[in-house]
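With the hints as extra help, turn the sequences into a complete structure.
Those sequence lines, one after another, are chains H and E. Here the UniProt record's numbering is used: the first residue of the first sequence is 1, the next is one more, and so on. Here the UniProt record's numbering is used: the first residue of the second sequence is 1, the next is one more, and so on.
Among these hints, one or two may not hold up.
The list treats identical chains as interchangeable, and a pair is accepted whether it falls inside one copy or across any two copies.
Straight-line distance between alpha carbons at most 25 Å, and here's what the computed DSS-like set of lysine-lysine pairs gives [unchecked claim]:
| # | residue 1 | residue 2 |
| --- | --- | --- |
| 1 | K163 | K578 |
| 2 | K578 | K563 |
| 3 | K304 | K102 |
| 4 | K102 | K300 |
| 5 | K275 | K307 |
None of these hints come from the bench; they were simulated from the model.
Given next are the chains, with one letter for each unit.
There are 2 protein chains.
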Amino acid sequence: MHVVTILCLVGSWLKFGESLCYRSPNACPQIEKNFLNVHIVPHSHDDVGWLKTVEQYFYGTNNSIQNAAVQYTYDSVLEELWKDSEKKFVSVEMEFFSHWWKEQTSHVKRKVHKVVERGQLEFVGGGWCMNDEATASYVDIIDQMTLGLKFLNDTFGGCAAPKAVWQIDPFGHSKEQASIFAQMGFEYLFLGRIDYQDKASRMSKKEMEMMWNASESLGTEIFTGVLYNTYGPPPGFCFDVLCGDETIVDDPDSPMFNIDRRSKQLVAYILEQSKHYRTNNIILTMGEDFHYQYAHAWYKNLDKLIKYINKVYLNSQIRLFYSTPSCYGEAVKNALVEALPRKTDDFFPYSSDPHAYWTGYFTSRPTFKGLVRQTSHLLQACKQIQAVTVRRLSNVLNQFQRSQAIGQHHDAVTGTAKQHVNNDYVLRLDQGIRGCSQVFSESFNHLLSLNGSTLKQEYCAMLNVSQCQTTEQNTPFIVTLYNPVAFRSSHTVRLPVTDGSYSVTDHLGRLVASQMVPIAEAVLRLPGRNSNATNELIFRAQDLPPLGLRSYHVKTPEGKSGKRMFRSRARTIQLPNKEDVVLSAYGLSLKFDRQTGHLVQIGNQSVQQQLLFYPAMEGNNSRFEFRASGAYIFRPNGTTAFSLEPITELSTVFGPIITEIRQHINNNTMQIFRLHRDESFIELDWIVGGIPIEDGIGKEYISRFTASEIRNNGTFYTDSNGRELLRRQLNHQVTYKVNVTEPTAGNFYPVNSFAYVEDKSTRSRMTVLNDRAQGVSSLLPGSLEFMIHRRLLHDDAFGVGEALNETAYGVGLAVRGSHWLVLENAVARMLAQRMTRPPILAFSPTTLSPEEFRQSFRMELALLNRALPRNVNLLTLEPWDDEGRILVRFEHFFGVGEDERFSQPVSISLKDLFATLNIQAVEEVNLSANRLINKLLDMNDPFVLNPMEIRTFILSTRSIE
Amino acid sequence: MHVVTILCLVGSWLKFGESLCYRSPNACPQIEKNFLNVHIVPHSHDDVGWLKTVEQYFYGTNNSIQNAAVQYTYDSVLEELWKDSEKKFVSVEMEFFSHWWKEQTSHVKRKVHKVVERGQLEFVGGGWCMNDEATASYVDIIDQMTLGLKFLNDTFGGCAAPKAVWQIDPFGHSKEQASIFAQMGFEYLFLGRIDYQDKASRMSKKEMEMMWNASESLGTEIFTGVLYNTYGPPPGFCFDVLCGDETIVDDPDSPMFNIDRRSKQLVAYILEQSKHYRTNNIILTMGEDFHYQYAHAWYKNLDKLIKYINKVYLNSQIRLFYSTPSCYGEAVKNALVEALPRKTDDFFPYSSDPHAYWTGYFTSRPTFKGLVRQTSHLLQACKQIQAVTVRRLSNVLNQFQRSQAIGQHHDAVTGTAKQHVNNDYVLRLDQGIRGCSQVFSESFNHLLSLNGSTLKQEYCAMLNVSQCQTTEQNTPFIVTLYNPVAFRSSHTVRLPVTDGSYSVTDHLGRLVASQMVPIAEAVLRLPGRNSNATNELIFRAQDLPPLGLRSYHVKTPEGKSGKRMFRSRARTIQLPNKEDVVLSAYGLSLKFDRQTGHLVQIGNQSVQQQLLFYPAMEGNNSRFEFRASGAYIFRPNGTTAFSLEPITELSTVFGPIITEIRQHINNNTMQIFRLHRDESFIELDWIVGGIPIEDGIGKEYISRFTASEIRNNGTFYTDSNGRELLRRQLNHQVTYKVNVTEPTAGNFYPVNSFAYVEDKSTRSRMTVLNDRAQGVSSLLPGSLEFMIHRRLLHDDAFGVGEALNETAYGVGLAVRGSHWLVLENAVARMLAQRMTRPPILAFSPTTLSPEEFRQSFRMELALLNRALPRNVNLLTLEPWDDEGRILVRFEHFFGVGEDERFSQPVSISLKDLFATLNIQAVEEVNLSANRLINKLLDMNDPFVLNPMEIRTFILSTRSIE
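Structure below.
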């Protein structure tokens, strides 16, 4: 027994690795060189919501759905760890652990510190949840990891900082995730699910362990190990209270005495497993979903096996002991005699059997995925505002951080939770939005009020269905835009209003040109829309200052001030038309076919676009071949994507700011092709009001873009969690010979930001940006097809137990989204920043005239004293503690070689950068901000940011008043 | 917190109540006079086998059938008790607790002693199991209670002796059981299941608590309380890991905060419950089947509720606390202001709803019930032999004791366990038989060998199908009879043999008259019978000595010694016959109808007998009305009992020792009416080779005896567990107005020994003795119908989940049994002793002639120096420890007023009673032998035994060699 008397002091951010907290040097079990070392790792995989909500899982309510109560897991595991210093356990999801921690007495907390120091309770990963890797944005991944690791650092100090990360359940693994982990200082990454063909190949070649080169730009690498049995115990050796396996009876007097036979079975399994690994260390993952509610059942049986096998198989040189992922990782590393194989691509798509390609969840629950992307952005903006004003965290903001973190769980943003659980995620994010709205309101008053007047600013969460109470019911009103990026940015503002004349006045008192556009019928009819707005008032907000606020005053004009408003009409064209319909504006020209109404040409280039659907496979899942398409699995019935109804009419809307062509497909489905003045992209605003299932067939909708002149030879490119790009090749995998048994589903990949196809010879490229996580493929030459919506009538038998048949207001769930299409090369990164990080709009009614308003409120304010270079994203700006410390991350968002100009390193200085912050000290930390890199960075020295690099700092600040 | 430093010393039988072991005076919570005191009693109801075997339940294997692992219950409960001295738990079944105890370290054992002394861990009942009350014999009940309580006394000393008994699950409650408990010194008896109409009546009258006068002869009484919700928690307040109820959330920040609402619900329940009880104390039974595997889940939530309600409802004067059954009982007793209502009958039959009369289990699994009765007797004999020879326990005997005790569990002898579990019970008893055979063999040699020669004696367990390897395959062979009763006894010996001539020589070298009878065809055809025997060799063993051995030598005679053997032939009479068939022998005369072949007359009295069947109700159990007849429930479809096939022939067998009439009903079903020389009863040996179900209908077979001249007015009498008699009246209950909603099933009662009907005016009586537990009723005037076999095709939805469709050797289970019919009054008790306690037969081949054998072996030996009075049963004679102490019980087996002569008190002296034992000291103890009554009884003084009294002594002995 280790005797450790120095307690781990409660850490703060200052006490990183070098803090006073003490981790026992004997934290890892001793490895015997000449033995087969069997690392028994007790763990519980605790989904942060899935079949039950997070709180239900914690407290153990709703157990008729699933017997799971994480509170008892920690209660009972800790009892076991305290009783026996040999025992280990790994804790992964800080959402649960922190909840448990909050409810403990100081006595218990002190005892927990002890087992952390002894290495008995090891945190692995340590994020708020175990985030999804396909559909989460890198921004959210970094945030959710930082949130969890910060809790650990604040609670236990550096001795609790995880070295290993434990992605045992996500359905495929992204390269960006690996790169992020490497940048966070993790040394060992363990994966549970890789494609079964990949796994077979790796097992045969002893390549279950590898070095993953996760970023070409950064050169990051991380040791990566694939677990032998996903994350479960050897079959038959599950001793949880939830399992039915034969428990170990070592009493020779009992008629059930079995330890001899059972040990033989386990040793046989161990020997088989060890054949597929390089060193004399193997890991047995002793746990499953929500196990260790009653930890003792597990440990009692493991104790018996360990004791017996170590005695009886001593001469066979097999040794079993409790261990942890980091101890296992270290043991493997030390035992390696030659370099590990290398991995440069990612682990997508993931198939678990020939007909189970987990590519459906790339798109499942598109409105929720849209919400998560929206709140991600809102949270960043909110943290920025909070950081530069009150400079400390609030409960409101913390709630939003936690909600957003929970939303990254691999059954949350993935769309693979039960409906009632998804409702809970939405509720949490909605609370976040409300809280954020309050932060904005307070901060805006703080920053903009000149004479003590205050405005209650409201965030309109329903702008995506052209609904906003303030703009519809009040005049005059103020719209304040907050530009959350670090450089000047322009934006087309679209405000839902009732019919009439409006005048828009800017911060300088100038009337701004505006355009009045009728809202499309399909939007007006959207179920649940509760609005009087019939039109959108549109104007351009030009050159918003970096991290800056600007207010516009909108009123119903008296006299002739309304003349700056252009009133657009929608002009209907019945199909077939006599000639093709051409939309030309602001230097762009789109041609739509006279018969079909489909886009056929952009400028001179042949570019088609069409909404289509795949009929979903039905099945009872009794055999692989009978797998149904479901929340996880995409499995179309055949390879043909069918057309929706023919387009019967097009409408055109012309104007000085935007110009549109509207395709009317049916009562609730339409597309709007929108051109913006001064913009080079084509916005495709699509509305799918609900997928019909009256024929009893589930459907999966795609939006297919085809640039038939681009010969891409089955190659296409997708981003990884919104950052680095990956080359995809139809029916091909880099590290193993793949047999793609589902020709459509098996070629889908996740896309978070954009995808493109390119003709290597002509260098012509079609890029499509997306506004939320989706699945994408390029099944036809020159094409990109994005799956945008799914409605299914069968469960796919991977546990969720519900068909993904989303409804709202009594009908199939309606979705509205955008794609931005560009044919220019290399502007995608810039556009992606624009699409992801638009200005935040806040609204307030006012009784003041524009002039009066300018007397009372500052109408423009920059929170940065100077713009950052155009290739730099102010990734993070958030309050870090209650003492004015601020966390800031700068991101170079171009990869090496992506663009001649923007892929160059840049230099940034912190000196006088923030208008409201007086920086007292700067410390550079690792990406997750739980390890100090450079304690006293001279704030006057500019620092360099290389392509794709993110540098993270903690600034000690005072306010500049 | 109680500070208790004196450890409970490990007790021995010497340290009863007055031992050094110390029970805290604060073991019970303090009662507040002006409050409603809510006793929260955590408990786990652990069936000693039901859906899983005993060992599977202990170790938690076979969890797919039922999630249950008692080892974890004790592991985890103890952890909780050690952590918090307020917490309590009750332990009931010593089979499980002792198993657990055996596996603990001395450190743990010391800690368990502490919580026992503090009253935190309270043993209630404390028997080896919670025995059934309908189908268990009083002999087995006393034994199984003694076994458990002895373990407790040996382990913890007197401070662990239970005061309360906890019969929470048996399906009805017997008067004899209550009397036994009272004689064992229990103060509080708690019942879970009483008839729903009885319960409603008691609730309305606040008569849930009562004094039960459990024996008219002995005047015993015991406080008896009926639990409010069987033994479960208030609905919605089940917090076990097996439950799905909403757990308690007291964190006001949680969106699931519910303690306020949940407390309101519980308080409402408490107030409602308290309306039905007399005092300001109520008990909440917080547990269910196999709960507290993970005790912490239960306690954590209870802790929260107790704390919150005691605070918030302080002004409502409600107080919750952990308590135990004995603390609750004591609190009620102290709070009573007037005498409790009295109860003089029993709690049979038990119905849980209008169509669920639990009267099927009185007969379910008739072969198992027969085996249990057989092994009960064998075990007693074996203990006697062991007591008077080696005078100490052996593992073999202890195994048998435990197996027999387990067999008394309320899902064992009841026949309500799953088939695989019943197989396990049988296996255990079979081991017991083998062990006993070994004990006999050794003891016989020890007692009988004159010159060091040894015999291997075998017990023939299959004599009931006329099969015995030794007698079939060897000649000469020895049969040794052991008469286990304390007076001289005679017996008809029937030995399976192959055809031929045999001569039987007794201990005095005299040839004994014998009779050779062909075995009936239906017996020869019994499935599984593996025997060459075609005949039975029959002779009378006259006047076996008290507790005595006698050997007979059997051989194929040379010369004329075979002349003492009478060869009987079976003479067949085809029906209809010209005249009625009359069987007259040894002073008895039976008449069988010439048409039907049924018994119609005995002497002058009209007595009919017939096998009939009730068709079983089918149903899906979805509503009360759709209840199926099953292992627990008897529910015939209609009130008519149908005839089996007509009897086509009778056979008669005449002879000097036995005379028979055999009714051939069909290929596998027959009855043999057997008269014995020198006996006054008619033996009815019935064989039901399997119940046909080809028509898809389950059937319940009865044997109906009708003495139509006896006008009994719906009244009949049954024994209670083989002891005192109870008056039964059709459609009537003593303490409540009953509406018998199942006119047949609702009038069945358990019978263990005998039942009779009587004509009050003529004093004529028909008594039928049975050889195993059965259900009986008297639905027709003058009749007694015994249910003898059941074969059902549906489960009755009370948990067992299997239809009671027993098969063996691929066909429906065959049963062979006996009824003894007598028309004389008052001989039933004597006959019951004879039927229950026949001599034990052991067999051995020999090469010796009778004369040689007499040189080598003593052929008769009495282990008592004198016979006891004819109304006294040597109930127990067993080794008690390893130091020569012997437990002995004397039983007066007549009740007050049953018989003019035999119901008188008798006087018994221990002096020189046992031939092989030199008694050094005598201590009188209570019935369960865990409390000293009289330390130094003078062994020279005779003691008096009153009617129905059992007196228990522990004798310190030395051998007389």
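Evaluate K275 and K307 at a C-alpha cut-off of 25 Å and name the case that applies: within, between, both or neither.
-> within (24 Å within a copy, 56 Å between copies)
At 25 Å max between alpha carbons, let me know whether K304 reaches K102 within a copy, between copies, both or neither.
-> between (34 Å within a copy, 16 Å between copies)
K163 and K578: within-copy, between-copy, both or neither at 25 Å Cα | neither (68 Å within a copy, 101 Å between copies)
Since the copies are identical, ignore which copy is meant and state whether K102 and K300 lie within 25 Å (CA to CA) inside a copy, between copies, both or neither.
-> So K102 and K300 pass the 25 Å test across copies only (16 Å; inside, 28 Å).
How would you classify K578 and K563 at a CA-CA limit of 25 Å: within, between, both, or neither?
-> Neither: 35 Å inside a copy, 128 Å across copies.
The structure is inconsistent with the numbered hints 1, 2, although it conforms to all the rest.
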